[in-house]
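A.B. asks: With the hints as your guide, set chain A onto chain C.
The lines below spell out each chain.
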Amino acid sequence: MYAIFAITRFTLLEALHNRLVWLFLLLLLIGIMLAEFMGGISITESLVVKTSLLSASLRIFAVFVISLFVITSMVREINDKGLALTLSFPVSRASYYFGKFLGYSFIAFMMVLLIGFCLIFYAPALQVFIWISSLFCELLIMTALCLLCVFTFTQVTTAITAVAAFYVLARSLHAIQLMSQGPLIDPNSLVQTYSIKVLNIIAHFLPDLHRFSPSSWLVYAETSVDQIIPIILQTVIYVSVLTMAGLFDLYRKNL
Amino acid sequence: MKLNAFFQSSKERSMASIPIWILLALLISLAVQIIWHKYQPVPVAKVTQLSSPPSEAILNAISFGDPVAFSKLSMLWLQAHDNQPGVSIPFRQLDYEVLTQWLSVILALDPKAHYPLLSAARVFAQVPDAEKQRKMLTFVEHEFYKAPNKRWQWLAHAAFVAKHRLKDQKLALKFAKALADHATGEQVPNWAKQMQIFLLEDMGELDAAKILLGGLLESGQIKDPHEQQFLHQRLQELEDKSASSF
Numbered sequence: 001m002y003a004i005f006a007i008t009r010f011t012l013l014e015a016l017h018n019r020l021v022w023l024f025l026l027l028l029l030i031g032i033m034l035a036e037f038m039g040g041i042s043i044t045e046s047l048v049v050k051t052s053l054l055s056a057s058l059r060i061f062a063v064f065v066i067s068l069f070v071i072t073s074m075v076r077e078i079n080d081k082g083l084a085l086t087l088s089f090p091v092s093r094a095s096y097y098f099g100k101f102l103g104y105s106f107i108a109f110m111m112v113l114l115i116g117f118c119l120i121f122y123a124p125a126l127q128v129f130i131w132i133s134s135l136f137c138e139l140l141i142m143t144a145l146c147l148l149c150v151f152t153f154t155q156v157t158t159a160i161t162a163v164a165a166f167y168v169l170a171r172s173l174h175a176i177q178l179m180s181q182g183p184l185i186d187p188n189s190l191v192q193t194y195s196i197k198v199l200n201i202i203a204h205f206l207p208d209l210h211r212f213s214p215s216s217w218l219v220y221a222e223t224s225v226d227q228i229i230p231i232i233l234q235t236v237i238y239v240s241v242l243t244m245a246g247l248f249d250l251y252r253k254n255l
Numbered sequence: 256m257k258l259n260a261f262f263q264s265s266k267e268r269s270m271a272s273i274p275i276w277i278l279l280a281l282l283i284s285l286a287v288q289i290i291w292h293k294y295q296p297v298p299v300a301k302v303t304q305l306s307s308p309p310s311e312a313i314l315n316a317i318s319f320g321d322p323v324a325f326s327k328l329s330m331l332w333l334q335a336h337d338n339q340p341g342v343s344i345p346f347r348q349l350d351y352e353v354l355t356q357w358l359s360v361i362l363a364l365d366p367k368a369h370y371p372l373l374s375a376a377r378v379f380a381q382v383p384d385a386e387k388q389r390k391m392l393t394f395v396e397h398e399f400y401k402a403p404n405k406r407w408q409w410l411a412h413a414a415f416v417a418k419h420r421l422k423d424q425k426l427a428l429k430f431a432k433a434l435a436d437h438a439t440g441e442q443v444p445n446w447a448k449q450m451q452i453f454l455l456e457d458m459g460e461l462d463a464a465k466i467l468l469g470g471l472l473e474s475g476q477i478k479d480p481h482e483q484q485f486l487h488q489r490l491q492e493l494e495d496k497s498a499s500s501f
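As they're listed, the protein sequences go chains C and A. No gaps in the numbering here: position 191 of the first sequence is 191 in the working numbering, and each next residue is one more. If you want the working numbering, it's the position in the second sequence, counting the first as 1, plus 255.
Hint data in this document are derived by calculation from the structure and do not stem from the laboratory. On a predicted model such as this, the values are computed, not experimentally measured, just so you know. Treat each hint with caution, since some may be false.
What the hints assert, rightly or not - So, partial list: chain C residues that the calculated Cβ filter (under 10 Å) puts toward chain A:
| hint | residue |
| --- | --- |
| 1 | 233 |
| 2 | 240 |
| 3 | 247 |
Every residue, glycine too, gets a C-beta built ideally from N, C-alpha and C.
Bound-form chain C, shown alone (with noise of 0.2 Å):
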């Protein structure tokens, strides 16, 4: 359990030093710059104009930077042999790996407290609440998939890649699933039948993150606390899934 914890405080250490407060603070600054010129331009609905495209725009900084820094931070770990140096001590695999995955969590929470405090100037506490705590989940789910992509990949633009594809497909799959129903579809067509039941198998494996903290919430205050639990049960489902995934990969890797 030391082991666990040790790792965890020198990713926090390794964050501190990347200046990536500084970063996620500027992207913040942005945000609100963004958010406030266009405000400004509506003729009406000028709050939820704001919060709408507040909320969004750091949801997708905050899935951007943590996912940047998990795979960057774990790639150069591994080429500057320091997985290797790690587990040279009494450390085992899982110990390790848990320890960063809590590091790593610890930051997204960093993050979305500071994303918190932006949007309470926007939008109820409470709604705000329950949509921080959606965006946690969220980015918890990213942390995971990033430490799987990088200790399958261990390169950075295959590990990037990946996780890219993988998050614009479980935000955007209701859609497609919604779209192969329509009547566009031609029935008769093999490759699009076909294509259909293969968009339905893979989404069994990903995560409905369509559902996670839409900027409704905030804007209508149209959710209640209960929203929040199949969230946290469908976070810990996958990162159940994604950390074991994870595991079986560096179990398997040859130092």
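C.D. replies: Chain A only, in chain C's frame:
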């Protein structure tokens, strides 16, 4: 041995190195994920109504300096609005007031475009609703006056729709007259300029048709001898018809 080598690269350790609890947890969590997904509510298609467009200035700003590309993209989006994910809504359910606003702003972003005018005259005007058809035709007429020599063909289409679909000869004649009076450029074909003569003939306004056709022939605008002959023949037919009606 060979099978083992197939599954195991030189950078990987054997499967036996993986603790059994990891394998079990992976399988269980994967199974739970599949079951979880199975019991999630299925996506339901929702019809979204067309909302009013932002102003031209805002659309220009969000086009990142490329209003023409943005105009094309917006036109495709507007055209596909009836085919929303999972549901198809008929054009007649669209709010044509808002639709006209969208077409106007898209045309303002790219004034050389023909797409919004074609969509208005030939796509959105096909609905079985006379009031909505008139809205589209009025939009085409309104936009025609801004560049008559470049947009004449869409008003000609509008005249066709007014005559044959709406069965409104007066409206068709109004459009044909606008064509004759405003689309005077050399690139505009004579059939478009002469449309009002034939419409007048169809409406039984033989005297008016005769005067217009005679005036056209005397003005010397018709240079092609075959066309001159054809129009002279039509003038003769009009005169015969007019004489027989008395």
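A.B. asks: Look at each hint and say if it fits the structure.
C.D. replies: Quick rundown of the hints versus the structure:
1. Taken as an interface hint, residue 233 (chain C) checks out: its beta carbon lies about 7 Å from the nearest beta carbon of chain A, inside 10 Å.
2. This hint holds: residue 240 (chain C) has a C-beta 4 Å from the nearest C-beta of chain A, less than the 10 Å allowed.
3. Satisfaction of the interface hint for residue 247 (chain C) is found here, the shortest Cβ-Cβ separation to chain A being roughly 5 Å, below the 10 Å cut-off.
Hint violations for this structure: none, all hints satisfied.
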